[in-house]
Amino acid sequence: MSNDVILSVEHLMMQFGGIKALNDVSFNIQRGTISALIGPNGAGKTTVFNCLTGFYKATDGDITLDAQAKLTSVGKIMGEPFQVTDFVSPPKFFSRLFYKMFGGTHLVNRAGLARTFQNIRLFKEMSVVENLLVAQHMWVNRSMLAGILNLPGYRRAEEKALDTAFYWLEVVDLVDCANRLAGELSYGQQRRLEIARAMCTRPEIVCLDEPAAGLNPAETEALSGIIRRLREEHKITVLLIEHDMGMVMSISDHIIVLDHGALIAEGNPDEIRNNPKVIAAYLGADEEEVA
Amino acid sequence: MSASNSIDIKRCLIDTVLAGLISLIVFGPIVGIVLQGYSFDLHPQRLAILVGIVMAGRFCLSLFLQTAYGRKLAHSMQSKDSGVHVLPAGHKSALRFVIPVLILLAVCFPFFANKYLLSVVILGLIYVLLGLGLNIVVGLAGLLDLGFVGFYAIGAYGLGLGFEYLGLGFWAMIPLAMILAAFAGALLGFPVLRMHGDYLAIVTLGFGEIIRLVLNNWVSLTNGPNGIPIPGPTLFGLEFGRRAKEEGHIPIHEWLGVSYNPNAELIFTFVVLFIVVMAVLYVKHRLTHMPVGRAWEALREDEIACRAMGLNHVLVKLSAFMIGASIAGLAGVFFATKQGFIDPSSFTFFESALILAIIVLGGLGSTLGVVIAAFVLTVAPELLRSFAEYRVLMFGILMVLMMIWRPRGLVRISRNGYAIRKGVKP
Amino acid sequence: MDGIFLQQLINGLTLGSVYGLIAIGYTMVYGIIGMINFAHGDVYMVSAYLTAIGLAVLTFFGLESFPFLILGTLIFTIVVTGVYGWTIERIAYKPLRNSTRLAPLISAIGMSLILQNYVQVSQGARQQGVPTLLEGVIKFHVGTGYVQLTYTKLFIIIVSLVGMGVLTYIIQNTKLGRMCRATQQDRKMASILGINTDRVISYVFVIGACMAALAGMLITMNYGTFDFYAGFIIGIKAFTAAVLGGIGSLPGAMLGGLILGVAEAQFAGLVNSDFKDVFSFSLLVLILIFRPQGLMGKPHVAKV
Chain U
1 MSNDVILSVE HLMMQFGGIK ALNDVSFNIQ RGTISALIGP NGAGKTTVFN CLTGFYKATD
61 GDITLDAQAK LTSVGKIMGE PFQVTDFVSP PKFFSRLFYK MFGGTHLVNR AGLARTFQNI
121 RLFKEMSVVE NLLVAQHMWV NRSMLAGILN LPGYRRAEEK ALDTAFYWLE VVDLVDCANR
181 LAGELSYGQQ RRLEIARAMC TRPEIVCLDE PAAGLNPAET EALSGIIRRL REEHKITVLL
241 IEHDMGMVMS ISDHIIVLDH GALIAEGNPD EIRNNPKVIA AYLGADEEEV A
Chain V
1 MSASNSIDIK RCLIDTVLAG LISLIVFGPI VGIVLQGYSF DLHPQRLAIL VGIVMAGRFC
61 LSLFLQTAYG RKLAHSMQSK DSGVHVLPAG HKSALRFVIP VLILLAVCFP FFANKYLLSV
121 VILGLIYVLL GLGLNIVVGL AGLLDLGFVG FYAIGAYGLG LGFEYLGLGF WAMIPLAMIL
181 AAFAGALLGF PVLRMHGDYL AIVTLGFGEI IRLVLNNWVS LTNGPNGIPI PGPTLFGLEF
241 GRRAKEEGHI PIHEWLGVSY NPNAELIFTF VVLFIVVMAV LYVKHRLTHM PVGRAWEALR
301 EDEIACRAMG LNHVLVKLSA FMIGASIAGL AGVFFATKQG FIDPSSFTFF ESALILAIIV
361 LGGLGSTLGV VIAAFVLTVA PELLRSFAEY RVLMFGILMV LMMIWRPRGL VRISRNGYAI
421 RKGVKP
Chain X
1 MDGIFLQQLI NGLTLGSVYG LIAIGYTMVY GIIGMINFAH GDVYMVSAYL TAIGLAVLTF
61 FGLESFPFLI LGTLIFTIVV TGVYGWTIER IAYKPLRNST RLAPLISAIG MSLILQNYVQ
121 VSQGARQQGV PTLLEGVIKF HVGTGYVQLT YTKLFIIIVS LVGMGVLTYI IQNTKLGRMC
181 RATQQDRKMA SILGINTDRV ISYVFVIGAC MAALAGMLIT MNYGTFDFYA GFIIGIKAFT
241 AAVLGGIGSL PGAMLGGLIL GVAEAQFAGL VNSDFKDVFS FSLLVLILIF RPQGLMGKPH
301 VAKV
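Chains U, V and X, in that order, are what the protein sequence lines are. Just so you know, we're using my numbering here: the first sequence kicks off at 1 and counts up by one. Just so you know, we're using my numbering here: the second sequence kicks off at 1 and counts up by one. Just so you know, we're using my numbering here: the third sequence kicks off at 1 and counts up by one.
It should be emphasised that the hints constitute simulated quantities derived from the structure, not laboratory data. All residues carry an ideal CB built from backbone N, CA and C; glycine is no exception. Just so you know, not all the hints are guaranteed correct.
[Said to hold, decoys possible] If you anchor each label on the Cβ, the simulated ranges turn out as follows: (1) GLN185(X) to ASN23(U): 19 to 29 Å; (2) HIS141(X) to ALA388(V): 54 to 64 Å; (3) VAL379(V) to THR225(X): 49 to 59 Å; (4) MET189(X) to ILE103(V): 29 to 39 Å; (5) GLU221(U) to ILE103(V): 55 to 65 Å; (6) LEU270(X) to ASN150(U): 55 to 65 Å; (7) SER186(U) to SER191(X): 26 to 36 Å; (8) VAL17(V) to ASN98(X): 54 to 64 Å; (9) PRO225(V) to SER191(X): 50 to 60 Å; (10) GLN83(U) to ASN173(X): 41 to 51 Å; (11) VAL17(V) to LEU71(X): 46 to 56 Å; (12) LEU270(X) to ASP24(U): 51 to 61 Å; (13) ASN150(U) to LEU235(V): 23 to 33 Å; (14) ARG178(X) to LYS235(U): 49 to 59 Å.
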């Protein structure tokens, strides 16, 4: 079964100054599942997300992504500090130097992991289609010369990118808004557009950070439908952070519960619902209600 | 903030008196007292005029803001509406009518222009080039480059030094200057663009000043403040002077068998420069439709989101910075050729500020606006010599007012629309 | 060799304490609204003119004794420069509080041009000067040569240290200082707690301008000459000092100023004085590459 793991997190630690935000968190995400990361406020969910997606450099631990037919270590492509042994082994040294100079968050995405943001980060003054075209930057013809001379190969790549963009707009039901500015859309539409944009980077796993926050029940229902469709029609693995327990329990195959930076429970929705530790964490914290 | 619509004269008067007092304190010592050695002269008259202008202006502003229209305007400035709009699919720019007219004008121009007019228009075109280059960097990519003049100087001195030490001429230096300036841009930009925020502005400001200081102080290489001569341009080995300066060359008028025209060199520079400006305009137009142009604008909007989508933010920004730098290098070659002689005093911070003023007036990110603004700001001071003293002051006021009034400049930013497709499969 | 080193150390400390004073303006403004106030160097330039004007006017009215003359000029310069700081903020930055990121920067460049040209037009483009106020010099014999410490330099070092001390006290112990620190840490939260953040921002500009005024007066006393362009280079250097110390950090600005002043003076004395400005700018780039958070700043963590 272990070859079906798309993302494995081992002994993840994260410290901000003296504060331990994450303490020895380990979990695996199976390919083709919908997993949810839940926990009371301040449990470290978004910190885990930021470590996975390469926005924070984890203090310790390994994150391995098995996508696009290769294994990627998130720590390595973020640029690790030099080790003494590097100075006797030039290939290792140059590899580290390369990642120090050119590595970073973007390589995580190129390795097949896309994400959305808790506080929506669309390009507000660009049109909806343009948002989706920017997301396909790595998939179009970026040659300056071909673009300036408008060569056929370049035009074909652009056409293809437009097709992909409109396909995903149809999936999230935004085709009619294609030529509006992203900033003009309603909140729910912006959330859906962000998912479409993440999908345009052609990932194998997508991490959604509170996709249902601020949506009304009907919109949440539509969102659940979209997420299910991602898994069923596109074989995408989904990992989401969510506070809406109704939604989490109905769509997830696997739930991971964090509290105070540590993993306290893991399992399918029924197991989690009856887990005394989870109930204590939620009721004890007195901030969230268990649905 | 009273609910009534009546005009509160008392408040206007209080505002006016306060403004008068402040301006008295601010202008009083500097304008009213002029240093003469260790002593001073009093100039109460011009102080009174200045304070009077400020008070009158404040009174009118105060009155205006209380009218219904003024309130509406103040409200619209508070709101975040940026005035960006999406064009319908297949929209054709008005430039397609303007460009043929411009080309026609440019073809006719050399026939009736005199030497002075030619050199003024060449200068204007050089600033168009600089404006377009900086526009890519500031307007599209959102990077504030205050050392643009440094790359301009690299181009100009590249031609001068390249001729002196390596015997390179106008044509060889055009691509070389672009490469050289782009390389300098990469060297400077790569470390700085990794960091967030506005450090780029201050580093480029320092860079522009370093270039000038090096040109000024490295006397053995650059001849320091005395400057260096620049060779005239050639066309397939034909020179434009009355007599050939280099052995084996012949002047073009002898080769053509026509009489000597003293404007020939300027006309030639004008023609080449015009073609280059047109080419850069076209490239700029294409860039806004290309993936890299979209990536620049996306980075300007939200860098974090771009990184999450696989864009290497450093390299994408660097590409804008380098393209801008290479255009400045190109402009430098033309400037040197036009002047025939260059020294470091042509490359002060003031030049960078002038180019910035051009793109601010022209609208950050807009092409036609930049072209018009470049001509307005460079040609108008040539024609209104008596205002030369106040030129920098005007640029400064213009920048502040433009930023307050409309941070995006005078021309609306429009985005490309796309025809809607339904039922497509990727 | 040792003589040159010691002499340049004294010169460097003098220059550095002045850089530190100007750097305070950059670092406080950057800390509170995250913007480089390009006009700050020119505020310093204006204060140099005000010093000369103040001295000339007071001397004209027969004030001859050094302490009163200096005190009078100091108060005059600080008050008027403070008003300049307030006015600049009010006109060029306040309307742009919620604007795009580039707008206040461009506005600041515009303001810098306005100040330069306005002084040039009203006072003339020629160099201006002030007479030497403090005669006298202390000489130390070092090896075969000697090192001079003029009274002016001693005065500059003492006064700028006192100035920095007063500011540190204000920031650490007064209500105004607490408001500034709160606004710097979290502007939204501070305004929720009832702090008028707009006013605090104005105060910060005034404080920065006052420190620049002190610097302007001191440096004018030392060099004796200045022109309308004087603020440009010294502005970039003071910004370098602020970055070196860690932008946003008050003690960092002072420390950064001293280090930059000494480093620059040593470079000028031991290597080449023509390229000392180039040296300082290169230092700025190197700091930004290798230690962007500076000596005393906190590393920047992007909020996602």
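- [ ] Kindly indicate which numbered hints from before are broken by the structure, ordering the numbers from low to high.
- [x] Hints 3, 4, 8 and 11 are the ones this structure does not satisfy, whereas the remaining hints hold.
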